[in-house]
Amino acid sequence: MKKLIGDVDDVVLDTLRGMAAAHPSLRVDLDQRIIVRADAPRTGKVGLVSGGGSGHEPLHGGFVGYGMLDAACPGEVFTSPVPDQILAATTAASGGAGVVHIVKNYTGDVLNFQMAAELAEDEDVEVVPVVIDDDVAVQDSTYTAGRRGTGATLFAEKTAGALAEAGGTLQDVAAVVREVNERTRSFGVALTACTVPAAGRPTFELGDDEMELGIGIHGEPGRERTKLRPAPEIVDVALSAINDDMPLSGSEVLVMVNGMGGTPLMELYGAYAAAAEWLGGHGVTVARSLVGNYVTSLEMAGVMVSVLRLTPQLTELWDAPVETPGLRWGR
Amino acid sequence: MKKLIGDVDDVVLDTLRGMAAAHPSLRVDLDQRIIVRADAPRTGKVGLVSGGGSGHEPLHGGFVGYGMLDAACPGEVFTSPVPDQILAATTAASGGAGVVHIVKNYTGDVLNFQMAAELAEDEDVEVVPVVIDDDVAVQDSTYTAGRRGTGATLFAEKTAGALAEAGGTLQDVAAVVREVNERTRSFGVALTACTVPAAGRPTFELGDDEMELGIGIHGEPGRERTKLRPAPEIVDVALSAINDDMPLSGSEVLVMVNGMGGTPLMELYGAYAAAAEWLGGHGVTVARSLVGNYVTSLEMAGVMVSVLRLTPQLTELWDAPVETPGLRWGR
Amino acid sequence: MDIDTTLAWVRGITAAIRRDADYLTRLDAAIGDADHGVNMQRGFSVVRSTLDGKEFSTVGEILTKTGTALASSVGGAAGPLYGMAFRAIGRQLTEPSATAEQLLAALRAGLEAVQKLGAARPGDKTMIDAFGPAVEAFEKALRGGAALGASASAAADAAEAGMRATIPMIARKGRASYLGPRSQGHQDPGATSTALIFRALAEAVAP
Amino acid sequence: MDIDTTLAWVRGITAAIRRDADYLTRLDAAIGDADHGVNMQRGFSVVRSTLDGKEFSTVGEILTKTGTALASSVGGAAGPLYGMAFRAIGRQLTEPSATAEQLLAALRAGLEAVQKLGAARPGDKTMIDAFGPAVEAFEKALRGGAALGASASAAADAAEAGMRATIPMIARKGRASYLGPRSQGHQDPGATSTALIFRALAEAVAP
Ligand SMILES: Nc1ncnc2c1ncn2[C@@H]1O[C@H](COP(=O)(O)OP(=O)(O)O)[C@@H](O)[C@H]1O
Ligand SMILES: Nc1ncnc2c1ncn2[C@@H]1O[C@H](COP(=O)(O)OP(=O)(O)O)[C@@H](O)[C@H]1O
Ligand SMILES: [Mg+2]
Ligand SMILES: [Mg+2]
Ligand SMILES: [Mg+2]
Ligand SMILES: [Mg+2]
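Protein chains in written order, with the working numbering: chain U, 986 to 1316; chain B, 986 to 1316; chain H, 434 to 640; chain L, 434 to 640.
The set of hints was computed from the structure by calculation and includes no laboratory data. Check before you lean on any hint, since a few could be wrong.
Calculated pairs, BS3-like style, for lysine-lysine (alpha carbon to alpha carbon, straight line, at most 25 Å) [what the hints assert, rightly or not]:
(1) K498(H) with K487(H)
(2) K549(H) with K573(H)
(3) K498(H) with K573(H)
(4) K987(U) with K1212(B)
(5) K549(L) with K498(L)
(6) K549(L) with K573(L)
(7) K1212(U) with K1212(B)
(8) K498(L) with K487(L)
(9) K987(B) with K987(U)
The shape of chain U in the complex, shown without the other chains (with noise of 0.2 Å):
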């Protein structure tokens, strides 16, 4: 394991002093291990939290503060947070009018948020859960734990943020990220694999001349092993896969192309590129585009496409100013 760390254990702790250090606009807190911005809680003001496992970076952290998230609560790599972190980020995002905790689909996730969320209530402070479930990579159904939430995150808090920063209302606010998940659709592809400093290992292995197909975010491996294709091919087995599920012909789209953490902008540049002339020979018209490394997998090489079909409020939503370590525009 090759990694730029102190203590292995240390990790996310190392994380979090870097980010208080560089960022005076965002308060630490190293013992509630959260990430909230200097101006939380705001009066009247509807809060929006989000977290989950570490090595996702930016999300969730880089995405706190003016006009995106209140606060955040990274876990330990790759595990969702506890619901006492939860808690300290909820209450400290809470400003009267309700707090939206923003989702990811897994099942750790969605359990201590849970949990959260009623001691939450117990301290009188409204939350108002969404789940983000936008990879196509898995097959949803009752009978599983249905689609992972991947992409469409960022999506949502930065749209929501948009709406919480204007003075949207807690239904509002939780609606906005309900659209942004329904009409959003994700797939990803791993060149390598990635190892969780604690493990020491990597999460799964790959040949010189393989790569995973419908990978998630968590270092998991994906729903299929192939050959090693070339960037147009990958980007084509990605649109295809979210056209099939959601028809994109005719629509405005927003369109990000992720990188996993270890694949250079060059590349992403690249398979942009080509995501941009699969849409445009598919009848999409592309709104508004996002590249580069936004919600990663560690040191993972890879990419992930995500498309959401806008609409003119979102876009509105997604033009709004924002004021984040990890994205940043109008201010």
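Fit chains B, H and L with the ligands to the known structure of chain U by using the hints.
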């Protein structure tokens, strides 16, 4: 070689196609292989041009835009651009007030920019080249190729870009580039090598427990190979080398903890925590910071630390609004 | 089962998890995200520091505190599931000692808590597939006239058999479910830690 | 040396570079950035399409065009250096054919162009260390009464010897200089491509 690419001969072109599709604020000329601000040339504004081998993304193309570069010319991967291409960027950036070339100190870059400057003079464009050589890992001597240009390039592009945007003269803009270069030192470390697509194999071999100290940004081996060490020790090596060359105590500094492309943000924040602690302990005030992948070496895992001793003017130029794909604030 | 036996049980689990943490993580790497051993070890080290040096007046108190500590430190899927299980078990045992009959009812309550929270069914390749058979076997032995020690031993055997029986299953819950048929051929990490828990119980109450 | 021989020389270089591109890149990987073979191959394929199907009236025209094509397509350090070298060589040869004496003067001009642009000195572990000895050997052979073919052959031998002599050198110019003493024990890629160029010349003018 596991890369998210199509045809190995077209990687640079595909990157440019992706940038063109993703960024309407840029004009990308696929024939000339240059990236230009959509509103360039601006009459009366000093033009700012940089370029070098590809593979360092977002440097340089990602730094084209308001408050930073007017044009960038990316060569093949790790290969400096050719004179005609640099000339095309220079002409596109020229608004009649002269053009500053920000050139990293590599034989290839220096020679090609020199030839381009001669061609530009033939076309009556006044060019002032400034060479960046901030890498303390390399011995500086008249009998060597001298220090490499690394992290200071970004600092120079940002601050000089702000001054050019504010109407600075050709001499003043060039002077800021020189000043930033003189006041910046960098030191890089690699945990893994990287693979030039056309070469197909890693530029060097590193054992599982080894790292390279004093690497540049071209996948070349460093000045010393050692056992892998914990992040705080790596940061100590880097900052000590910088401090030996340019004593930092008592200064206000801008610090960049820059990933080489394959190191996740999580680890970079951990390294930044160590850097902030080191600097605090050595009487240095960290006034500004930047943590992320900005000047990369393809998918190399590793980190480069750059420190700029600020002046009030440089802080102001750093804080000025910038709107590029790779660096954005204030608008 | 008295307070000392209960403390011995929890200590036994802690030791077993520490010993097998790497194995649990490796099982999780194959069909999950390579953290189950790390999570459980972190959880039980918090349990130990929570319980250390404290005095207890009921068996249930120890197990409820164990559950609370797990829920607030393990994270992931296993944290709430084991947390709620131990809390449910503890809530049933309100006296300084428990009979085998009381322990059976408590274990059943623990199983129900896991099922309520996780909604997994037998055959879904989860900890349920070790937990369920263990409770059944405990009951069967007890009904057949066995003492606490022998009943717990039967439960541990059944948990281990249930654990091995997860190998051919296709996961339908938790992270392994994303693999679909590719999850076949791998032993479920949660069922494995459950088997460790029942083996530790059998050893703690062994006559 | 007439127009056909000159074209054969350039074609010979192109073929040699294509054949050894991988080798050159591997040499560059050891002490540089693993692109020298790729760069040279790209350059000479542009040279070929520049020259293909064209008619020439002087030897120099071919070589000047070759230099211009290299300068505008190779990039890196080698692009300007070889570009200026071939342009300097070409500028000396203003007639449909060149004598051995004229070629010597032209090669010397090429060497000087590289030295002027790159400021490398003998022993710095660069292409100079093959180029310099090649020009010397050419002159010595010619002065000793050898014909063009034998002189070029002596130059190629000397270039190869010079190329091998770079192995123990510590680089003081170009990217390899960053390695300091670690550059010892590796053959310089630029000196190697220079040796290919002189060998191709010897083959083109062989009687
Ligand atoms: N819905 C569920 N019901 C019961 N057990 C479950 C459920 N989901 C997951 N598990 C158990 O949890 C184990 C994984 O735990 P762990 O690795 O700690 O959490 P995570 O999957 O969040 O990383 C699985 O092996 C399985 O036995
Ligand atoms: N200053 C110089 N003078 C002469 N030759 C040089 C000089 N610098 C580099 N070279 C030659 O260039 C070769 C490297 O070329 P290449 O790999 O194409 O360029 P780059 O180093 O820019 O990647 C070296 O092996 C060396 O022979
Ligand atoms: Mg987990
Ligand atoms: Mg190069
Ligand atoms: Mg797990
Ligand atoms: Mg090279």
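We went through each hint and held it up to the structure:
no. : hint                   : verdict
1   : K498(H) with K487(H)   : holds (11 Å)
2   : K549(H) with K573(H)   : holds (23 Å)
3   : K498(H) with K573(H)   : violated (29 Å)
4   : K987(U) with K1212(B)  : holds (11 Å)
5   : K549(L) with K498(L)   : holds (20 Å)
6   : K549(L) with K573(L)   : holds (23 Å)
7   : K1212(U) with K1212(B) : violated (34 Å)
8   : K498(L) with K487(L)   : holds (11 Å)
9   : K987(B) with K987(U)   : holds (18 Å)
Figure legend: structure checked against the earlier numbered hints; hints not met, in rising order: 3 and 7.
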